[in-house]
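Using the sequences and the hints, build the whole thing.
When you read off a place in the sequence shown, starting at 1, and then add 2, the result is the number in the working numbering.
Just so you know, the hints here were simulated from the structure itself, not pulled from any lab data. Heads up, a few of these hints could be off.
Unchecked claim - Here are the simulated BS3-like pairs of lysine-lysine, each with C-alpha atoms no more than 27 Å apart in a straight line:
| hint | residue 1 | residue 2 |
| --- | --- | --- |
| 1 | K300 | K159 |
| 2 | K84 | K116 |
| 3 | K461 | K373 |
| 4 | K55 | K141 |
| 5 | K84 | K401 |
| 6 | K132 | K55 |
| 7 | K589 | K141 |
| 8 | K132 | K300 |
| 9 | K208 | K141 |
| 10 | K300 | K116 |
| 11 | K373 | K574 |
| 12 | K159 | K116 |
| 13 | K300 | K55 |
| 14 | K159 | K208 |
| 15 | K373 | K401 |
| 16 | K208 | K300 |
| 17 | K467 | K401 |
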Amino acid sequence: MAYASLREAAVDLERTGRLLRVSEEVDPHLEMAEIQRRVYAAGGPALLFTNVKGSSFPCLSNIYGTRERTRYLFRETLGPAKALLGLKADPMAWAKSPLMALGAVGAALYALPKRVGSPAVGECETSLGKLPQIVSWPKDGGAYATLPQVYTEHPDKPGLRHSNLGMYRIQLSGAPFLPDREAGFHYQIHRGIGVHHHAAIARGEKLKVSVFLGGPPAHALAAVMPLPEGMPEIFFAGLMAGRRFRHGYRGGYLLSGDADFCITGTVDPSRLLPEGPFGDHLGYYSLAHPFPVLEVEKVYHRRDAIWPFTVVGRPPQEDSHLAEIIHELAGPVLPSEIPGLHAVHAVEAAGVHPLLLALGSERYVPYAERKPRELLTLANAVLGFGQLSLAKFLFIAAKEDAPGLDIRDVGGFLRHVLARADWSRDLHFQTRTTMDTLDYSGTGLNEGSKLVIAAAGAKRRELAKDVPSSWAQRLPAGFTQAETAFPGVMVVSAPGYGDRESGRGDMQRLAAAWESLLGSPEDAERAGFPLIVAVDDAAFCARNLGNFLWTAFTRCDPARDAYGLWAFTEDKHWGCRGPLLLDARSKPHHAPALEADTETARRVDTMAAPGRGLHGIC
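Quick look at the structure:
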């Protein structure tokens with residue numbers, strides 16, 4: 003179904019039993035987010051809040067809250083969009099399936115934007131302060147728009163063809179922004195808008211910005227979709243919506259004709275103000291840092307406007323289901339750009355950028371010993387490709403060693419690599435490089451290191467499933483517990499991290515203790531634990547795979563936090579002949595983890611009591 007507006011989508015979801023109206027007054031300060039998180043965790047319906055404290059606008063959340071509901075929203079356009087992107091990956095696909103190719107070409111007509119005279123979003127005006135002031139986490143710096151579609155054009159090449167539509171968070175209120183006149187404008191490293199901002203700075207002029215909220219659900223998807231070079235996001239928005247992207251102009255700004263709200267303004271190249279903190283999708287706060295300021299000119303809305311929002315936090319959350327659609331659409335395209343690459347998977351449970359898995363061919367020197375060669379070429383290509391360049395840990399394996407290996411089976415993939423990796427050879431670091439803006443494990447904002455772990459060839463070891471009880475008695479002072487996270491991976495409760503020097507000392511003591519316990523690299527191989535991870539709470543980390551992935555890869559900077567048994571440096575190559583040790587403890591320079599407000603949780607408990615509007619829902 004081609005939804006012409008967010009309201010049409012909400013009506014359809016309600017008609018089919020996929021949406022619940024919440025008529026009880028709800029406070030946008032923490033309460034709505036607490037309800038959203040609970041309903042999402044329970045696999046519940048989309049939520050339409052019709053009585054929002056302090057605002058006259060209804061609010062809609064959780065429309066992407068289940069895999070089934072997300073696919074329902076795109077039920078008629080997902081197939082044609084996949085076919086069209088598939089033609090880019092394999093131009094000869096039209097010959098293999100002409101009907102599919104014709105359908106894709108027909109769907110492509112929706113990608114052509116359509117100009118309209120009077121966009122409905124321009125019917126009414128309001129101010130930032132009258133918008134729903136949704137605060138998701140207790141330490142957030144203010145209210146945020148969490149599903150904004152930020153539109154800009156290249157100052158040197160204006161027009162739709164070189165436009166960018168991205169989801170960059172907008173801080174609507176809080177210090178130090180002037181109420182109703184300024185908003186925080188945060189975009190992360192390696193985003194398309196950065197090119198436009200750079201060009202505006204070079205020209206010494208302000209960058210015009212239009213922020214759309216609402217509209218067909220496909221427009222939000224387009225704003226987060228990593229598209230092939232040459233396809234503007236608004237073209238993809240029309241394709242996925244099954245309806246051409248309507249647009250018009252007001253006061254020199256482009257307005258989305260189908261949006262519910264549009265905020266227009268400029269970014270002054272010379273102004274930066276602290277934006278944040280904000281509870282982000284890695285499960286931590288991104289802290290306050292200087293970012294551009296949006297100087298607001300107008301806030302438009304349509305007469306029947308609905309304010310969309312989501313809540314991000316430790317994955318999985320609602321945005322995880324959008325990520326599934328993105329993987330499905332983009333998955334076939336990347337291998338066509340990098341010959342020899344078969345698949346990549348950004349691991350949602352680890353926060354996306356901290357952990358990337360890749361499957362490639364190992365065909366170099368086929369007559370010699372099988373070891374990573376082509377895989378290293380592919381790894382360099384992957385780390386130079388778009389937003390994949392933000393990956394921190396990249397595990398890459400050879401498809402020929404296990405043709406049926408499923409890259410989305412994260413535990414199975416890691417076990418495959420751990421059974422084959424040679425830590426003396428297969429660890430490849432990039433130090434003092436750029437990192438994801440939201441990752442605080444490195445040496446500074448946007449700074450850190452990367453580690454490629456490549457594995458090819460026969461199994462080197464069998465992976466152990468249980469930690470011998472006698473080993474726990476040999477832990478060095480301050481280390482209290484050893485658990486198996488999954489086969490081949492041991493997690494150990496370590497002393498609280500003090501500073502860099504004491505933290506390094508802890509890991510060196512652990513390495514020395516295990517060297518003494520295991521005796522030799524050969525005995526360590528037979529022990530079957532190639533990876534040992536020091537954590538704050540081993541029981542929590544070993545409870546399930548999600549806990550392990552989140553802890554191990556969001557709290558570790560490879561160059562600073564990798565140690566090993568029988569470690570060595572040779573010709574500037576670092577490796578170890580025994581198990582690899584990772585220090586994944588919380589550290590003083592890390593951002594704090596997200597925790598819900600207990601008083602808000604008690605209020606929501608009351609709202610969910612028998613006889614109240616949320617009973618049985620959260």
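Hints, one by one, checked against the model:
1. At roughly 24 Å between alpha-carbon atoms, K300 and K159 fall within 27 Å of each other, so this suggested pair holds.
2. Taken as a hint, the K84 and K116 pair is honoured in the structure, with Cα atoms around 23 Å apart against an allowance of 27 Å.
3. Proximity of K461 to K373 is assessed by CA-CA distance (about 11 Å); at most 27 Å being required, the pair is judged to hold.
4. For the hint linking K55 to K141, the alpha-carbon distance of about 20 Å falls within 27 Å, and the restraint holds.
5. Distance restraint check for K84 and K401: the Cα-Cα separation of roughly 24 Å lies within the 27 Å cut-off, and the hinted pair is therefore satisfied.
6. A distance of roughly 11 Å separates the Cα atoms of K132 and K55; the hinted pair therefore holds under the 27 Å criterion.
7. Distance check on the hinted pair: K589 and K141 sit about 19 Å apart at the alpha-carbon level, within 27 Å; holds.
8. For the suggested pair K132 and K300, the alpha carbons sit about 13 Å apart, so the restraint of at most 27 Å is met.
9. Note on K208 and K141: the hinted pairing is violated, with a Cα-Cα distance of about 31 Å set against a maximum of 27 Å.
10. Using a Cα cut-off of 27 Å, the hinted pair K300 and K116 holds, with the two alpha carbons roughly 23 Å apart.
11. Under the criterion of a C-alpha separation no larger than 27 Å, the hint pairing K373 with K574 is consistent with the structure, at around 20 Å.
12. For the given pair, K159 sits about 20 Å from K116 by alpha-carbon distance, which is consistent with the 27 Å threshold.
13. Of the pairs offered as hints, the one joining K300 and K55 holds, with about 23 Å between alpha carbons and a cut-off of 27 Å not exceeded.
14. Proposed proximity of K159 and K208 is supported: the alpha carbons are some 15 Å apart, at most 27 Å.
15. A distance of roughly 13 Å separates the Cα atoms of K373 and K401; the hinted pair therefore holds under the 27 Å criterion.
16. For a cut-off of 27 Å, the pair hint linking K208 to K300 stands: about 16 Å separates their Cα positions.
17. Straight-line distance between C-alpha atoms of K467 and K401 comes to about 25 Å, which keeps the hinted pair within the 27 Å bound.
In the structure shown, a violation is registered for the earlier hint numbered 9 alone.
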